[in-house]
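> Given next are the chains, with one letter for each unit.
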Amino acid sequence: MSDEKSPAAQYWSANLRLILGCLIVWAFVSYGCAILFRPLLAGIQFGGTDLGFWFAQQGSILSFIGLIFFYAWKMNKLDKKFDLGE
Amino acid sequence: MSQFAINLIFVGGSFALYIGIAIWARASSTKEFYVAGGGINPVTNGMATAADWMSAASFISMAGLISAGGYANSTFLMGWTGGYVLLAMLLAPYLRKFGKFTVPDFIGDRFYSSKARLVAVVCLIVASVTYVIGQMTGAGVAFSRFLEVSSTAGIWIAAVIVFFYAVFGGMKGITYTQVAQYVVLIIAYTIPAIFISLQLTGNPIPMFGLFSEHTDSGMPLLAKLDEVVRELGFRDYTADVSNKLNMVLFTLSLMIGTAGLPHVIIRFFTVPKVADARWSAGWALVFIALLYLTAPAVASMARLNLLTTVFPDGAEAPALAYDERPQWIRSWEETGLVNFDDKNNDGRIQFYNAVPSFEDTAESRGWAGNELTVNNDILVLANPEIANLPGWVIGLIAAGGIAAALSTAAGLLLAISSAISHDLIKKTLKPDISEKGEMLAARISMGGAILLATYLGLNPPGFAAQTVALAFGIAAASIFPAIMMGIFSTRMNDKGAIAGMLAGLLSTLLYIFTYLGWFFIPDTNMLANTADNWLFGISPLSFGAVGAMINFGVAFIVSNATDAPPKEIQELVESVRYPKGAGAASHLSH
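Top line first, the protein sequences correspond to chains A and B.
For what it's worth, this note's numbering labels the leading residue of the first sequence as 1, then goes sequentially.
For what it's worth, this note's numbering labels the leading residue of the second sequence as 1, then goes sequentially.
Since the hints were made in silico from the structure, they are not lab data.
Quick caveat: nothing in here was measured; it's all calculated off a predicted structure.
One or more hints might be untrue.
[Stated by the list, open to error] Here are the simulated lysine-lysine pairs, DSS-like style, with alpha carbons at most 25 Å apart:
id: 1; chain 1: B; residue 1: K580; chain 2: B; residue 2: K567
id: 2; chain 1: B; residue 1: K567; chain 2: A; residue 2: K5
id: 3; chain 1: B; residue 1: K580; chain 2: A; residue 2: K80
id: 4; chain 1: B; residue 1: K273; chain 2: A; residue 2: K80
id: 5; chain 1: A; residue 1: K74; chain 2: B; residue 2: K580
id: 6; chain 1: B; residue 1: K580; chain 2: A; residue 2: K77
id: 7; chain 1: A; residue 1: K74; chain 2: B; residue 2: K273
id: 8; chain 1: A; residue 1: K81; chain 2: B; residue 2: K580
id: 9; chain 1: A; residue 1: K5; chain 2: A; residue 2: K74
id: 10; chain 1: B; residue 1: K580; chain 2: A; residue 2: K5
[What the hints assert, rightly or not] Restraint ranges, calculated between C-beta atoms of paired labels, are given here:
id: 11; chain 1: A; residue 1: V25; chain 2: B; residue 2: L527; range: 34 to 42 Å
id: 12; chain 1: A; residue 1: F37; chain 2: B; residue 2: T490; range: 31 to 39 Å
id: 13; chain 1: B; residue 1: N339; chain 2: A; residue 2: R17; range: 51 to 59 Å
id: 14; chain 1: B; residue 1: E574; chain 2: A; residue 2: K77; range: 20 to 28 Å
id: 15; chain 1: A; residue 1: Q10; chain 2: B; residue 2: E227; range: 56 to 64 Å
id: 16; chain 1: B; residue 1: P566; chain 2: A; residue 2: R17; range: 26 to 34 Å
The beta carbon of each residue, even a glycine, is placed where N, CA and C say it ideally should be.
Given only the sequences and the hints, what does the whole structure look like? Please build it.
Set out below in C-alpha cells:
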C-alpha cells in the first residue's frame, strides 16, 4: 500500500506515526506513572516518597521537554528527506 | 529604608522597564501590532511565550495550592506543561503554515463559514475573559500587600498599567516586554526558593532539595513533612488520591486547554518558519519548566516552614503565642488574607485540620477549633518573609508576581481585541474598514475588555489558579477540538465544526454554572459545589475534558451526516500539512 502513496502522503503518515508514538509516551508518564499506576510503583522509594510522586511533580515535566525536542528533531529530518521543508 | 520603600523601588523600576520597552517597540502597522511582523526567533519567542503563559496562577497561586493539597494538586504541574506537547505536535506547526493572525481566522477559512468564525470568536472571548479574571485577582493580592493598598485599589492600578503597554505596544511591544518580564519573574521566583532550600536541606537547587534530607531532623524532607502534617490532622502530603478519574480528567482539561488557549496559539504565528514553531514550543516549555520544577519544592518547603513557625516545638508542645507572632503574619492580617480567631482564649495560635476524625486528639490538647486561616494565594508572596529573607528579596518577589499577572493579562487582552477588531469587525461586519480604523477598534476593544475584567476581578469565583482552571476547561471544550479536526480531518465540514464547538462550549458552561452560579454570580448555583453532587465525581474544573469529547463526538456525527467540504478546502487542509511554501504570516495574502 505504502509503495503506491505519493511522497507527500508518505510524509504525512510518517508524521502521524511519530505523533502517535510520542503521545503514547506522553500519556504513559503523566496519566500512567504519575496517576493511575502510582500504587503499582509505590514500592520504588524515591527521596522520601515513591516514584509516582516524583513523576507527578517533576518526572513528567522533564519527559515532556524531551518529547518536544525529539519530535522537532525528527520532523526536521523528515522535512529534508521528503524535500517538503521551507 | 522601610520595606514599603523597597517594594516601591522594585515594582516601580520593573514597570519603568516594561513601559520603556513598550514605547521603544511601538507598533506602527496592524501586522506588527498582531504578530510582531513575523520576525521573532524561536528562543526569544519561547521566552516570551513562557512569560505570557506563566500567569498570576502559576506564579502566585499554584505553589499555594500544591502546598495545601500536596500530591493531589500535582495536576496543575502536569496539566500546564503537558499541553505544550499537544501544541507542538498537533497545532503549532500547521497553524504557522496556514499563516494567519488569529484563531477565528483559521476556523473561519478552514470551515469556509463566517458563522464558524463567529462561534470561534465567542468561544475565544468567553475563555479569555474568564482567564483575565484570574489575573486580576492575583494582581490585586500582590498589590494590596506590597503597596499597602486595598485589593480593590490594587486591581485598578493593575488595570491602568495593563492598559498602557498592551494598548500602545501591541504584539511587538508585548513580545519584548514579556522577555523582560520573564527574566524578572524567574529571578524573583528562584532566589527565595534557593535560600529556603539551603536553609532546610543544604541543597542550593530547590528541585533537588525537594527530594533531599531535612537538615534539622535528618529525615527525608517529604517524610518529615508527612509526619508534621499528620500530627495536625491533615492528610499526608504525599498521600495518593482515591478519585483517579477526576484527577485524570482535570489534568487532561488543563492540557487540552493549554493547547487551545488563543493567546498561546497566537505566539506561534510570530516565528519565521514552520520548523521554528516546533522548536519554539520546546523552548517555551524549557523556560516554563524552570519555574514549574521549582514550584513543588517551594510548595512543600513553605508548608513545612509555616507549620514549624506555628508549632516551633512540635504539635504536642504549646503553639506560638499570638503576641509573639512574626511580622509577616501581622502584615498579611492587614490585607484580610490571614485571619486569627482565638477560639480557646489561650492567646496561642492553634493551626490544624479541624475534622471530626481529629476532634478527640484536638480536645485532649485543649484546642477548640482551627484558629488560623491562610489564603492559598499569599503563600509564594509571603514565602521570603516566612523564611526571614532580606527586604530586597521581598521587593523582588512583589515585582515578579506583578510581572506574571500583567504579562498574561496583556497577552489575553491582545487575543480578545484582535478577535473583535479583526475577526468580528473587519472580517464580518465592516470589511472596508481602513488599517487605521482597525487599529483604533483593536485599542478600544482592549480598553473595554480591561474594564470588564477589572469588574469581574473584583468579584472573582475562586482562587486565582482555580478561576484560571475554568478558562482552560472552556478552551479545551470549544477551541482545541475544532482546530485539531480542521488539520487532521479533510472530511470535517462547517456544520460539524459549528455543532461541535457549540455543544462543547455550552455543555461545559452549563456544568460550571450549575455548581458555581450563573455567570459566576454567587448564590445562583443550582447544586452545592461538593464532590457528592458532581456527576460521576467529576468536578466543574475537570469537565473541560468531557466537553472536548462531546465536541469531537458531535462534530463527527454531524459532519458525516452532511456534505463533505468543497474540493478547494480539502486542498487547503492538505497544504497546511506540509511546511513547504510557508510565507510570513499575513492576512492580506488570501
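> All hints, please: hold or fail.
Verification of the supplied hints:
no., hint, result
1, B:K580 x B:K567, "holds, 20 Å"
2, B:K567 x A:K5, "holds, 20 Å"
3, B:K580 x A:K80, "holds, 10 Å"
4, B:K273 x A:K80, "holds, 14 Å"
5, A:K74 x B:K580, "holds, 16 Å"
6, B:K580 x A:K77, "holds, 14 Å"
7, A:K74 x B:K273, "holds, 16 Å"
8, A:K81 x B:K580, "holds, 13 Å"
9, A:K5 x A:K74, "holds, 21 Å"
10, B:K580 x A:K5, "holds, 19 Å"
11, A:V25 x B:L527: 34 to 42 Å, "holds, 39 Å"
12, A:F37 x B:T490: 31 to 39 Å, "holds, 37 Å"
13, B:N339 x A:R17: 51 to 59 Å, "holds, 57 Å"
14, B:E574 x A:K77: 20 to 28 Å, "holds, 22 Å"
15, A:Q10 x B:E227: 56 to 64 Å, "holds, 58 Å"
16, B:P566 x A:R17: 26 to 34 Å, "holds, 29 Å"
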